[in-house]
Amino acid sequence: MFESDKTDHIKLLYWMMLTRAVDDRSVSLAKLGKIPGTIFSQKGHEAISVGAACALSEIDVIAPMHRDLGAYLVRGMTPGRIFSQAMARVTSPSQGRDVNTHGMGDIELGIIGYVSHLPQLMTVALGAAFSFQYRNEPRVALTFTGDGASSEGAFSESLNLAAVLKLPIVFILEDNQYAYSTPSKYQYAITDLVARATAFGLPGVTVAGNNVLDVQTASTEAIDRARRGDGPTLIKANTMRMEGHALHDSAKYVPTDLLNKWREKDPIVNYKSLLYEKELLDEQTEKSLIKQIDKEISAGVLWAEKSPFPDPATLTEGVYA
Amino acid sequence: MFESDKTDHIKLLYWMMLTRAVDDRSVSLAKLGKIPGTIFSQKGHEAISVGAACALSEIDVIAPMHRDLGAYLVRGMTPGRIFSQAMARVTSPSQGRDVNTHGMGDIELGIIGYVSHLPQLMTVALGAAFSFQYRNEPRVALTFTGDGASSEGAFSESLNLAAVLKLPIVFILEDNQYAYSTPSKYQYAITDLVARATAFGLPGVTVAGNNVLDVQTASTEAIDRARRGDGPTLIKANTMRMEGHALHDSAKYVPTDLLNKWREKDPIVNYKSLLYEKELLDEQTEKSLIKQIDKEISAGVLWAEKSPFPDPATLTEGVYA
Amino acid sequence: MPEITFLQAINQALHQEMKADDTVFILGQDIGVLGGAFQATAGLFDEFGRKRVIDTPMCEYAFSGLASGAALMGLRPIVEFQFADFISTGFDPIVQFAATHHYRQKNPLPIVFRAPWGGGSYAGPFHSQCPEAWFAHTAGLKVVIPSNPHDAKGLLISAIRDPNPVIFFEPKFLYRSQRGDVPSDSYTVDLGLADVALAGTDISIITYGAMVPEAIAAAKTLTKSSISCEVIDLRTISPLDRESILATAKKTGKVLILHEARKTAGIGAEIAAIISENAFEYLDAPIKRVTAPDTPVPYSPPLENAYRPNSDNVVHAAKELYYF
Amino acid sequence: MPEITFLQAINQALHQEMKADDTVFILGQDIGVLGGAFQATAGLFDEFGRKRVIDTPMCEYAFSGLASGAALMGLRPIVEFQFADFISTGFDPIVQFAATHHYRQKNPLPIVFRAPWGGGSYAGPFHSQCPEAWFAHTAGLKVVIPSNPHDAKGLLISAIRDPNPVIFFEPKFLYRSQRGDVPSDSYTVDLGLADVALAGTDISIITYGAMVPEAIAAAKTLTKSSISCEVIDLRTISPLDRESILATAKKTGKVLILHEARKTAGIGAEIAAIISENAFEYLDAPIKRVTAPDTPVPYSPPLENAYRPNSDNVVHAAKELYYF
Ligand SMILES: Cc1ncc(C[n+]2csc(CCOP(=O)(O)OP(=O)(O)O)c2C)c(N)n1
Ligand SMILES: Cc1ncc(C[n+]2csc(CCOP(=O)(O)OP(=O)(O)O)c2C)c(N)n1
Ligand SMILES: [Mg+2]
Ligand SMILES: [Mg+2]
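Chains as they are written, first to last, in the numbering used here: chain Y, 2 to 322; chain P, 2 to 322; chain X, -7 to 316; chain D, -7 to 316.
The hints are simulated quantities; they were obtained by calculation from the structure and are not laboratory data. Keep in mind that this is a model prediction, so the values were computed, not measured. Just so it is clear, CB atoms sit at the ideal spot from N, CA and C, and this is done for glycine as well. Heads up, some of the hints might be wrong.
Partner residues are not named here, just some residues of chain D that face chain P (Cβ under 7 Å, in silico) [unchecked claim]:
| no. | residue |
| --- | --- |
| 1 | D22 |
| 2 | L26 |
| 3 | M50 |
| 4 | S169 |
| 5 | G172 |
| 6 | P175 |
| 7 | P293 |
Whenever a hint applies, use it, and build me the whole structure from the sequences.
In structure tokens, the structure reads:
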């Protein structure tokens, strides 16, 4: 795992730090009243979205959900566009028509925007994978979903159809132990959701979702497998949602002990320590990362704030292609 | 298995023979142009619907699908009412409003009528089970579904919700190797659908679906378990659909070898042989069974044919309660 | 009478009916410990426990179907969808099983499918929808959308006691913005009856839900131009109160239909059709519809503000009608 | 031009488009070896193989969503539902993802969702439905329902080439009962344009699908009473051809709307609303709707015969209109 060169590690760290910075800044912007809609907290999920996205090739496609800011960034969506989406500006990926990470797709970047209905995007991702198989292209679709969404019929249908058609797709299940206020024990009656994979005929892998290297390694294997034509894989990444479900959720229903336990496992803090320990990171590099990220964030916010709102006269444009 | 007394065995045989007789007669009626709609073939499924239904108590409830004629009969629906449903008469369980076994429910008999959308009735059956649990009644709901329907999201959602709520319900999956023309290999990518049970946290059992005693034994165990408050069970019963999907399907897509192999396993023929072998059946009893069934069928057809069609003036009645 | 919010009125109805009838239970996502995404079920879990206030897994299909089975066995389920937008995920068992069951099988099926509904809060295309027309077009369902705290409580209690599946949409824009006098005791408001929210003589504004306050505000503005509007609050969307619709159309001869849902094949179309079939000779001007356009609900405030009808639009359209 | 059935016309369109464009593929239940429940896809499997003619598992939700993803990546999926009734099972990804995607993300989404549709064959409540209004009310979808073999082929080819999601309903009652002259070559019939199936002067009958032959039969009968009917075949249900609708209404001043779907909030309501908003002054009589009643589709022949409108009902209603 430490065979890859220094820059890769710094990149992983950078993407995770950038993800958190975008998240943090979004929350401040919301508190300043600059975001009309809501924001989904990303804290705890950075290693999953970044690790998985970093395992993909440029030709691949992702279909993320609402805690995958990192994957958007890795694929090349700028912080400015992300802020502008939250701030409902016309420069955003949805031209101000969709809210927060919803509809934040960009086909040029290989990102399919999602709709709220969970996990509907899994079924859409199947179609991307299908097209690759259909045209004999060595491309892979990777999609994310949640532990809560795994109870929806669309989740099971997707695993089954992917397995039957042997599609080049990777499913990442981000198990953060809660679906909004609902803990796992009221969501499902098994000990590990990875069992779902076997029941539909695809391999299932469990990884430490707060360990970006583990996520990346497992993703790489699954992606390679898919690219080879060996079909889909389900990766279950264990983590914990460290904030409320969305902006206005105080998440009082989460036991403090549980949060404290997982606070120890912060994906960024721990990865940083590891890099220091392995002498792959020094203070100066860290400082310059922070500086660069600050700059990007500020520039992004500035750009987004300068972006105009959509013109109401455009309201009915583009219902049809 | 042979500890139960003679009459029980004769009863099981009687119900299976009656099921086949109703099925056969329905086909003839259809050929005579007396059935406006279609008919789903039952051949091969008699042991499952009869064996499972015979394991229930009177207080229990069934939610059958389209190959469970036997279960309707066991619960007390008369052949006459079944014919009258097919013949679209006002005396039928749906008063001529629904077709063949669709909407052939009768709450007094503990039968919930189904809608076409497979396996929607599984979700309805959950509700019956829920009500028993809610009121602390020692009752059980039993529902049937098919191998094809197991790919629908509703199937997975039902297993999951039943397991999470620990509902007193038994799911019987009639695996007849085809969903209309689609063989298992294009339906799912695992070797045995019973694996689905484990993945959702309920016990799964596989039985020989052409052996009525096996079906009854497995059902009894699952029903007892549910009644004890220990939650749901999935029973997968292996069988083969011996005719076309419905009246007008010649089923050319089914390999002759496969049919020949399963013809050897006819649930009624084999059970009869077994009873002869164990000296639990003699020729005279068999003859009287045949005679009785003939009488019931003829009486049923007569009654149905004499039954009036619904009055068009009633068309808009009863949309609301 | 104490003044309470629309949300409190809903909450009160749930409390009182669950207390009065132990066959009533409620299920949905995050309705227990959390009290629901909007706190509509706050306190129910503490009072009635997990047995009667059930946090389900995410499975709109299965829990909508479950409601039918439980209702068949004599219970009175209330299903909460977290947003009306998610009712499309549980659509199948509602429109196929629940809607058709009584017609085919003659068993009553008392279910309430509740959901926070409609726009106005910049929540984007998937947290703002108004899908009532899908259900109004489906035979066998009742559809109710209240416009004020008093009706919200009374209609919800009626819906719970009704022997049919009822889709009960709650304009979430009104949850905290609308307060009103609400009797503390239990009472019902009949399903199927529209309300004359404001009597008038020149123009009929037929509307429902969160557009009722907009219509009333417009009517007040219009009195300054000496235009007298009658505001009809439908309350029940299906089956429609044809008598009230025709009565007001015949009275004023000028009809403005107002709703937050999209125009094409919306409830407004049905109202226009009913009037043009049955009160044609009474009309002094073309019927006018003021509705959202045929687009998804856009997020950005300038877009949603243009999308969602408001009292200004109503004033403008009413003047056109008046001076026709 | 060879005379072929409606079903053969559909089959031809599929064959020719798949041959002409290798991004076109088709998926659904039992469409491969079996050729579909109605044989609409007969021969496709032999010609194009499993790669392009895919027998799916039973999972309307997943395969409807899959179509969107494939379309996003440049393919042109055709999805077959075994019956229109089962589109409610795949409803969510159609109305949420496919319908809204272009508005939100600007990518074209060329998909055809096909299904045998409508009643008339005593197939009961779940094999006879006409759910077009659900989709007409959903912004971002096109809805097409042809009435004859010629249009069926040309409209289906247009639908496949259209960059938007198109719901394409095929009146299965016409599959084998309707024959007509159909060019063997590929051709298109434009979406969005109604057809004057019969020109006339006294009464406009606006209709679509399997009711078009009923309307024409009625019009023929009515000529005996010297009543001249214009029959408008809408062909595309969404977006509606407002110009043609208004033109005929203005021409005759007497409008009869005819459809097989239920009345309330159906397409007929929208047409009535459009006319009463925009051609009010031209009307000489109230608008009339002849539709199925607001009930599930009953099975028993006497009931379904009473449920489903026919030419006798049209003649009766047209006379009422004429002598108004
Ligand atoms: C079909 C559907 N029902 C309900 C919701 C409302 N909702 C949004 S997020 C969420 C919880 C999702 O939980 P999970 O899948 O575990 O993802 P997480 O938010 O924990 O990352 C719910 C219930 C939804 N988006 N879609
Ligand atoms: C949701 C849905 N889609 C399609 C159909 C059409 N259909 C009726 S039976 C059937 C096959 C069912 O297969 P299976 O579940 O294996 O039951 P079997 O008929 O083999 O007993 C299909 C596709 C349906 N009834 N419901
Ligand atoms: Mg979660
Ligand atoms: Mg089968």
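Status of each hint after checking the structure:
1. With a cut of 7 Å, the hint placing D:D22 at the interface with chain P holds, because the nearest CB-to-CB distance is about 5 Å.
2. At a threshold of 7 Å, the smallest CB-CB gap from D:L26 to chain P is about 4 Å, leaving the interface hint in force.
3. Given the 7 Å rule on beta carbons, the hint for D:M50 holds: about 5 Å separates it from the nearest Cβ of chain P.
4. Hint status for D:S169: violated, given a least beta-carbon distance of 16 Å to chain P, over 7 Å.
5. Restraint check, D:G172 versus chain P: the minimum CB separation of about 25 Å is more than 7 Å; hint violated.
6. The interface hint given for D:P175 is broken, as the beta carbon of that residue sits about 31 Å from the closest beta carbon of chain P, more than 7 Å.
7. Because the beta carbon of D:P293 sits about 5 Å from the nearest beta carbon in chain P, less than 7 Å, this interface hint is met.
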